[in-house]
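**Q** Residue numbers (numbering that gives the first Met the number 0), protein chains in the order written: chain E, 0 to 306; chain G, 0 to 403.
Hint data in this document are derived by calculation from the structure and do not stem from the laboratory.
Each hint should be verified, as a subset may be incorrect.
Chain G is faced by these chain E residues, among others (derived, beta-carbon under 10 Å) [to be verified]:
1) F46
2) L129
3) P132
4) C194
5) D207
6) Y302
C-beta atoms are modelled at their ideal positions from N, C-alpha and C, and glycine is treated no differently.
So you can see what is in the structure, the chains are spelled out below.
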Amino acid sequence: MKNDSAKSVELDRNDSVTRRDFLKKSLVGAGLLTLPGLLPGCTWEEFSQKHFSELAPAELEQVLRRLKDQYRRCYGREFQLSATGPLPETAFAYALDLSKCIGCRRCVYACAEENNLSRSDPQIHWIKVLRFPNGSMNPEDAERYYAPDKVPEEGYYYMPVQCQQCANPPCVKACPVQATWKEPDGMVVVDYNWCIGCRYCMAACPYDARHFNWAAPTLPINEINTHTHYLGNRPQEKNVVGKCTFCIQRVREGRYPACVEACPVGARKFGNLLDQDSEIRYILEHKRVFRFKEELNTQPNFYYYFS
Amino acid sequence: MTEQSTIKGLLLLLVKGNRWYYLWLASLVLLILTGACAYRVQFDRGLIVTNMRDQVSWGLYIANFTYLVGVAAAAVLLVIPAYLYNWKPIKEIVLLGELLAVAAIVMCITFVMIDLGRPDRFWHLLPKIGRLNWPQSMLAWDVVVLNLYLLLNLLISWYVLSNLYRGTAPNKTLFWLLICLSIPGAVAIHAVTSYLYGGLPARPFWNASIMAPRFLASAFCSGPSLIILIFQVIRKFSPLKVADEALFKLAEMVGWSMFVNLFLLGAEVFKEFYSNTWHVSHIQYLFFGLHGKTQLVPFTWTAIAFNVTSLCILIYPRTRKNLFTLNGACVMMLIGVWIEKGLGLVNPGFTPTPLGEIYEYLPNLREITISIGVLAFGLLVYTVLLAIAIPIQTGDFRARTDPP
Ligand code: SF4
Ligand code: SF4
Numbered sequence: 000m001k002n003d004s005a006k007s008v009e010l011d012r013n014d015s016v017t018r019r020d021f022l023k024k025s026l027v028g029a030g031l032l033t034l035p036g037l038l039p040g041c042t043w044e045e046f047s048q049k050h051f052s053e054l055a056p057a058e059l060e061q062v063l064r065r066l067k068d069q070y071r072r073c074y075g076r077e078f079q080l081s082a083t084g085p086l087p088e089t090a091f092a093y094a095l096d097l098s099k100c101i102g103c104r105r106c107v108y109a110c111a112e113e114n115n116l117s118r119s120d121p122q123i124h125w126i127k128v129l130r131f132p133n134g135s136m137n138p139e140d141a142e143r144y145y146a147p148d149k150v151p152e153e154g155y156y157y158m159p160v161q162c163q164q165c166a167n168p169p170c171v172k173a174c175p176v177q178a179t180w181k182e183p184d185g186m187v188v189v190d191y192n193w194c195i196g197c198r199y200c201m202a203a204c205p206y207d208a209r210h211f212n213w214a215a216p217t218l219p220i221n222e223i224n225t226h227t228h229y230l231g232n233r234p235q236e237k238n239v240v241g242k243c244t245f246c247i248q249r250v251r252e253g254r255y256p257a258c259v260e261a262c263p264v265g266a267r268k269f270g271n272l273l274d275q276d277s278e279i280r281y282i283l284e285h286k287r288v289f290r291f292k293e294e295l296n297t298q299p300n301f302y303y304y305f306s
Numbered sequence: 000m001t002e003q004s005t006i007k008g009l010l011l012l013l014v015k016g017n018r019w020y021y022l023w024l025a026s027l028v029l030l031i032l033t034g035a036c037a038y039r040v041q042f043d044r045g046l047i048v049t050n051m052r053d054q055v056s057w058g059l060y061i062a063n064f065t066y067l068v069g070v071a072a073a074a075v076l077l078v079i080p081a082y083l084y085n086w087k088p089i090k091e092i093v094l095l096g097e098l099l100a101v102a103a104i105v106m107c108i109t110f111v112m113i114d115l116g117r118p119d120r121f122w123h124l125l126p127k128i129g130r131l132n133w134p135q136s137m138l139a140w141d142v143v144v145l146n147l148y149l150l151l152n153l154l155i156s157w158y159v160l161s162n163l164y165r166g167t168a169p170n171k172t173l174f175w176l177l178i179c180l181s182i183p184g185a186v187a188i189h190a191v192t193s194y195l196y197g198g199l200p201a202r203p204f205w206n207a208s209i210m211a212p213r214f215l216a217s218a219f220c221s222g223p224s225l226i227i228l229i230f231q232v233i234r235k236f237s238p239l240k241v242a243d244e245a246l247f248k249l250a251e252m253v254g255w256s257m258f259v260n261l262f263l264l265g266a267e268v269f270k271e272f273y274s275n276t277w278h279v280s281h282i283q284y285l286f287f288g289l290h291g292k293t294q295l296v297p298f299t300w301t302a303i304a305f306n307v308t309s310l311c312i313l314i315y316p317r318t319r320k321n322l323f324t325l326n327g328a329c330v331m332m333l334i335g336v337w338i339e340k341g342l343g344l345v346n347p348g349f350t351p352t353p354l355g356e357i358y359e360y361l362p363n364l365r366e367i368t369i370s371i372g373v374l375a376f377g378l379l380v381y382t383v384l385l386a387i388a389i390p391i392q393t394g395d396f397r398a399r400t401d402p403p
């Protein structure tokens, strides 16, 4: 059983099955059809896929089927892959109680598991927990790789940072091909099948919230989360950008993000701003909240507070 | 008939040459192939084989791209005295400058392509077919202006050459229109490339309005100094005459550009260190290192030393008009500006990261090999263009004036 988990699988369409598949195709097809075939790990269907927003329902259906086939081939697992749209009357927001956070990083690992993030070489974390010395909020005083025997430590406080789902997101403005955009419910998403991997959005994000898949992700087969969303936690593609989406695959089904569930001290709050009775509304109305790097006018949908 | 013989003639031009010409071509091809092999590995395994990481997500490729945009402006510094002021010594060589701009832009585009994670999806950048995020994204603007500038320079060179070839006079209005477009064009590729960096509030080192003028000033240093060096090689190996006068004039302009460039640098250094906000850390990293991380420091001071020395050489007429010191100054300037506009711009922008991390990036051997391959490719393009242009310009290759 543990054997299985040690065996990491690379999601790389360069695997033998696809290559054979492709060879067949390029032998049959001629001309343009062979063009994408010259590139390893690329099939004609994938090469010519339209932008997410331009896919007709039937085409989307086909894309999802193709991806599921691909995941079955790579991982030998049956994936659920949805593309559920934004819920009506919903604007998601997040709040984080800094006086509660103990810096245990359980959210970090819960996120990695929920979102099928590459475990090593490279290890990818969409959440970073910064350790600040009391009295400072200058990121340069922060330490991300702290490793004490026990948390919390005397004289420090902890500040988890992930995508702030900005209302005025500089990353979206930067993208030259509209591969990333803001959904009506507030989530900033990436179409991994449209991103060209230029990494301009990463340069534009003031929160280091975007992550490039420098290599095909390594995922232990028995740790794969097969419950996925097209714009969210499906296994990442090599050489494109990925980011936190507040667990789009969960929250659009009325569940909490994985990090909220994982937090042992209840420092993380999440909800619908448009719902008068939600906890998030209560916090915004009754706590002194602030947004990280307010001066940049990114207008995060992510609030910090000290209770 | 004539068409066919023209094409045959052009092909003959390309293969005609002495031993050195062949050796040159062969070594370029070798470098290109080596680069291509290295790139193949990057393509298969992902950008993980470079030294770039999330903390510093752009590296040598984008540094070279930024530098070469500067080189592409060289043409303009020739166009202005040649056409606007009709100054003869430069008019004779302006075409070679324009061809250099073509080669430089070709290299720029290649560098961007090899930096892309998914170059196979480049078509997403094509207007109408893909989804160019224009006018929102500065990168989209850059794609547009770079390609227009490339087109414009190709058009001008082709127009001049075909008229020379046929012995006809170019249409004055059309020609002036093209020339007048190429000047704002060169400014535009710089301004837009600088906005690419300057438009990012997340990166205070780049987020400065002084960026565009600094880009222009340093471009007018690197491009023309490359021209001064290359033209001496050309006049040595080809029958084309390049007057010393033209070189010295260029050198004078380069000198003044370097003066402006250093002044603007000073303005920036003052602003950062004197106001001494959090943002000072980037420039501190560049000049003195940060928290014991000093990898970039020797590069920075080399660049400053080279730039100041070459300024002195080029401002003083005696040393400017001595080919030995002049060439030394040009080489120093090429290196100095490369550091300043390359790694010295890209690296400190990313370091420290917005969350305060310091990741010290230096390109690895694979990135260097690939980059050399791209540079060789650009030189090959330039060589081919010259092999066609020089015989036309010297009058060795003309349309046969057969009776109709
Ligand atoms: S935090 Fe960064 S990635 Fe997230 S929306 Fe804001 S700018 Fe974009
Ligand atoms: S890396 Fe992808 S999402 Fe980011 S700017 Fe480039 S194309 Fe857009």
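**Q** Honestly, which of those hints from before does the structure not fit?
**A** 3 and 6
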